[in-house]
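Novice: Now for the letters of each chain:
There are 4 protein chains.
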Amino acid sequence: MAENGAKRIRLGMVGGGTGAFIGYVHRIAARLDGDYDLVAGALSSRPEVAKESGKNLGLSEDRIYTSYEEMARAEAARPDGIQAVSIVTPNHMHFGPAKAFLEAGIHVICDKPITATIEDARKLLEIQPKNGAKFLLTHNYTGYPLIRQARELVASGALGKLRVVQAEYAQDWLTEAAGDDNKQAAWRTDPARSGAGGAIGDIGTHAYNLLRFVTGLKTEAVSADLTAFVPGRQLDDNVHVMLRFEGGAKGMLWASQVAVGKENGLQLRIYGDKGGLEWSQENPNYMWFTEFGKPRQLLTRGGSISVPPAASMNVRIPSGHPEGYLEAFATLYSQFAAVIRGEGSDFERLLPTMADGVEGMQFITASVKSSQNDSRWTRLADV
Amino acid sequence: MAENGAKRIRLGMVGGGTGAFIGYVHRIAARLDGDYDLVAGALSSRPEVAKESGKNLGLSEDRIYTSYEEMARAEAARPDGIQAVSIVTPNHMHFGPAKAFLEAGIHVICDKPITATIEDARKLLEIQPKNGAKFLLTHNYTGYPLIRQARELVASGALGKLRVVQAEYAQDWLTEAAGDDNKQAAWRTDPARSGAGGAIGDIGTHAYNLLRFVTGLKTEAVSADLTAFVPGRQLDDNVHVMLRFEGGAKGMLWASQVAVGKENGLQLRIYGDKGGLEWSQENPNYMWFTEFGKPRQLLTRGGSISVPPAASMNVRIPSGHPEGYLEAFATLYSQFAAVIRGEGSDFERLLPTMADGVEGMQFITASVKSSQNDSRWTRLADV
Amino acid sequence: MAENGAKRIRLGMVGGGTGAFIGYVHRIAARLDGDYDLVAGALSSRPEVAKESGKNLGLSEDRIYTSYEEMARAEAARPDGIQAVSIVTPNHMHFGPAKAFLEAGIHVICDKPITATIEDARKLLEIQPKNGAKFLLTHNYTGYPLIRQARELVASGALGKLRVVQAEYAQDWLTEAAGDDNKQAAWRTDPARSGAGGAIGDIGTHAYNLLRFVTGLKTEAVSADLTAFVPGRQLDDNVHVMLRFEGGAKGMLWASQVAVGKENGLQLRIYGDKGGLEWSQENPNYMWFTEFGKPRQLLTRGGSISVPPAASMNVRIPSGHPEGYLEAFATLYSQFAAVIRGEGSDFERLLPTMADGVEGMQFITASVKSSQNDSRWTRLADV
Amino acid sequence: MAENGAKRIRLGMVGGGTGAFIGYVHRIAARLDGDYDLVAGALSSRPEVAKESGKNLGLSEDRIYTSYEEMARAEAARPDGIQAVSIVTPNHMHFGPAKAFLEAGIHVICDKPITATIEDARKLLEIQPKNGAKFLLTHNYTGYPLIRQARELVASGALGKLRVVQAEYAQDWLTEAAGDDNKQAAWRTDPARSGAGGAIGDIGTHAYNLLRFVTGLKTEAVSADLTAFVPGRQLDDNVHVMLRFEGGAKGMLWASQVAVGKENGLQLRIYGDKGGLEWSQENPNYMWFTEFGKPRQLLTRGGSISVPPAASMNVRIPSGHPEGYLEAFATLYSQFAAVIRGEGSDFERLLPTMADGVEGMQFITASVKSSQNDSRWTRLADV
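Residue numbers (the numbering used here), protein chains in the order written: chain A, 158 to 540; chain B, 158 to 540; chain C, 158 to 540; chain D, 158 to 540.
Pulled out of the complex, with its shape left as it was, chain A reads as follows:
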């Protein structure tokens, strides 16, 4: 049972069989705050893996499925059927399950990017979810407490009118051609499974979503230069983007999977005419905040600041005791649980939606297109 006395939500999972990374992360996120019980799954398209994985996770045999369609049907029919499902398959396998479960009246928690193509993303928007089934896109970095605080600081006017945004997400794990044994690398560098974007879809979209979440700026157009540095690689592994926002602010976004020495260097820096903010995911419990003409301040997660931390920040333990990636991820899960239970109207405006997913696809698509057109400025509205 959840900490607040509410009954746990019955959860299913599509994808996430033995050896999968992100499915494991979703399960921890679902457990951490005690709001979910995993009771069903179509964990792999390979029946034997699905069964073995389900057994290991303690699912009862009749709720281990080998097809998501069957799972959606069967679970919707059970009185104790799942109330929500987590979709943790490769990108091209998001659309089908999302549609099936929403139309079955089951809430959907979907990994990002929302789909492999913008067409699929738009089709998803047109679906009529049964019984008001809701959708959560796990742009998990938006769950970091200081990211929530950054958003509030911007909204409060503490930075003044925004001028410049610098976003980056740099890794090095694809510096060399991936071996055949690297499942994670294999599908992420395969256009059939990832879509038209490589690094831009896998991590650029996280950086983009984060800057949008915190600043609220609307993107007008992008000018992009995408590169595949590793010989033979079909998708970009390094991304340079310049951005123009409505109202005149400007931005740069760098995403790379070949930046030797970077692990998960997601960083956001925002400057307005009154103040500046800087945050890095690799040490996420600290954020620089400067008011023009005053010394830099190092804000800490849940630490001293004039404005009390918002409930939405979900600070579990005192400042100085670090929380991390899994807690941020869990915050999305637990606040979505509140939304499902009808307790979370405040959270609803914070959690990443289908519309965010579509906009992420616009960003990917416009960037790819711009890059193909010699970096011509390309409007998001035009793709």
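Incorrect hints may appear among the rest.
Pairs count within a copy or across copies, as identical chains cannot be separated in the list.
Claimed, not checked - Derived lysine-lysine pairs resembling DSS-like cross-links, with alpha carbons at most 30 Å apart:
#1 287 x 431
#2 526 x 340
#3 431 x 256
#4 375 x 340
#5 318 x 208
#6 431 x 340
#7 280 x 164
#8 451 x 431
#9 375 x 291
#10 291 x 431
#11 280 x 526
Hints in this document: simulated from the structure, not taken from any laboratory.
Use these hints to put chains B, C and D onto chain A, whose structure you have.
Specialist: This is chains B, C and D only, laid out in the frame that chain A set:
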């Protein structure tokens, strides 16, 4: 069910009612890896709080107790009774429950320090646990992956013969006299509930345990200077200790609750004749490692290093995605679950034991005694 | 006298009267290693300031000039005339003095950017210096020891084939419109005195020169988006540039004078297929160096590394004792002194030249042009 | 000539011949701000080295001496004789020259520690300098701008009543026994030349002086544990000291030359009942300042802060452009020049004096004595 297909362990809790901090932390730790189900509790000594708290946590009414003695008796008698219990009460209330549950054949997970007095700690050592019931002391910082790696590096000889250890744990939350509304501060500054040590028992003992865990050095004697800076405070809020170890190494330990600007500044620095290590809890996914005459290296949790990470490190997510305090805490829980299930012989030598608890009390007692004797060197063996 | 027994070089200065910033810096740089004696000056175009300033600096009256033309003539005619001159006037006043002194056979040390316009820069290239008078452009950041080491690491192949370069120089001092009393701001935001570029000429050109110096990459083309955020400002105060290098490497460059919280945030990050380097001017005695698949190493100025530090690094004091901006600046001066004395053939290839100055102007001019053409890729060769 | 129009002070040097480290540093410090001209020297006790070194530094032959006594006599007799002398010999060779020059009416700039023994230090105090000749002890770290600011912040009450001071100076260069070719190591580990203290005299005394300079606290007593870790070494290479100050504040001081990975890790942390300060020499342009209950602020050298920087801070270049060790050293030289010229009454109270030197010797002597007496608390007043 746990990720590996094992059945979840049925868990009870003593203390940890509504508003308690450390009980909440223990519950997250128990849930995170999916190895436990909380099914019973004596969550408060006040019956109405116990009931309300138990209800909020979804315990069935017949397993909400108002006395731990009753709980030990009743749960031991049930076929579906708890297999393990978490004791999260103030220090002076550790001994009683620990004894009761161990003698009832129920595994005990006990917050630190083990007891309020060294006499109690020694009495605990003499208890005959029924059915081989096991005991875990939650010196949670030992669960940090890089702390495990530090221990392995030291043991491997990478630092050579150890010479100097610098340990510190600095906070500032007790800089001013605690208000009446601060429950956490109230019992921690009260000798009746905390024992003879203030900062030294609350956080000094963490720093001490950590240096012992990583270095394996045996402490010969301490010379201490304890101070209560805040007027009217009965227990030390700042601790200076010099240490002498068997074999000639020397150390310093600083613990403070009045160091303005420090949140949970637990830091460990170790130097041998071949290398040095430095780690800080506030950014725990990084550790400095220097081989003499070579550049400093920044090791990352689960990141690149010549030696592969040990299984005991329990790295859940890739390097660069930060894990924190709760994950380290959860590692103690999940590895103790493995021990309970008989799968964890490798973990048993790593998890903090009753003997560690007794030694922690020796450290506290010897330090207090030294401080009372004008910092005279005081042997741990003599207290 | 210099530390090595050589006679000091007789130095003059154009610009740098009382209250000027960069002239003062040049004088410290000239003194620090003992290679120069300042003996003449045309320190201001206002005669009374020139006299007062010259007197304060101890110049004898007959060597205080009010026009650089006169100074060049008179000094060239004296048997004890200056051997070198430092030009520290605003950008549009570099060309005239540089020409005059070179043609008078006097070595020139010139602040950057070389001139206010690319036309002037090219005319400078065509000058025939008398008696082989030499020219030094004070791109002072190239004098930092770790920048020299970075250059050697790249040249040695330690990073492999370069792929990505991220350069930035962010400040915040022009966040608001400059008051009339701010001389520094006044000429830097005035096209008549600065040339067509604002931030791009003042600091972008430093970042650009630095990346060129360290990587040796040749720039093919730039795509730029320049903005003047402060109302009424005529020159850019924020600069976004994407770069394409010969051989396929890509880069981004950000320069800003409105990034609240940044003081002199000059930063260079370089990634190849074997390794990565990261350096920041605000803490210049440290540099990250990562070989792919190994832990990050923190190199220190003059500290441990497999390759011994090159003489060109000019490390004056042991690692851990910080050197800074003035020492880097002084290194240019003292190595140029060696060149003047005929001892410095090794240094000659390292010190920034007139050709570097012309290329810097190409960068500025191409970026301004690209920005005016909706960020169209613009070849440096075409401006 | 100095920047302010004053005539340069004629300077001599004792010690500092070719290959000497600290003499070279003193010369840069003397040159940097333009306040001195080196015109005479007894640079080595070996005549041929003295001559060669003097020649390299451009001294005229008749002012190259082979004995300091002769130099004091001769220079005092010359109309153009030196006005000040820098003493940069090993510790045991400070007393003789200091006495000789002071009694000859020549100002003395002396490296630290003041002498090799406390007896010598006290004898120095009794000397009657001719013509009011003044004495500067180059505790150079007191010249760092942020150290000056720290002192002002403490004095202003911004930290409230001081409680805890943590000082440390850790290096690793003596981790192994020094080879015969290491001149620096040789005299520093030799009691005949260094005095009774090793690390404590060489670097512990710097840390101690710095904490005294900034806090103004008076030391009551020390409890020390000194160790020589390297086999065969006669002097301590690691120092642990606990301190008690008048008024009740407490401190710890750690100095080490065997802390692998540390270069010149001089660090000062100060906590009062209202605020805290933290500063580290290896990145000296930044200082943490926290007011209790507010976010940490990162002050920068010359950067934004409510109180304008004091003139005594001697900030030469804008914040964000790092200054370092040599600039701090030069500040002592240039402010002593002002004192010599009679312009520097404000500086006189800031510059380290003979009394500071004596107290430093008391600290060394009391610590050595305490360590020999099983760390018994030893009063500085009693040695």
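Novice: If a hint holds in the structure, say so; if it doesn't, say that too.
Specialist: Right, here's what the structure says about each hint:
no.	hint	result
1	287 x 431	neither (46 Å within a copy, 53 Å between copies)
2	526 x 340	within (28 Å within a copy, 46 Å between copies)
3	431 x 256	neither (45 Å within a copy, 44 Å between copies)
4	375 x 340	neither (36 Å within a copy, 37 Å between copies)
5	318 x 208	neither (55 Å within a copy, 47 Å between copies)
6	431 x 340	between (46 Å within a copy, 23 Å between copies)
7	280 x 164	neither (34 Å within a copy, 42 Å between copies)
8	451 x 431	both (11 Å within a copy, 20 Å between copies)
9	375 x 291	within (24 Å within a copy, 53 Å between copies)
10	291 x 431	neither (38 Å within a copy, 46 Å between copies)
11	280 x 526	within (21 Å within a copy, 42 Å between copies)
When held up to the earlier numbered hints, the structure conflicts with 1, 3, 4, 5, 7, 10 and fits the remainder.
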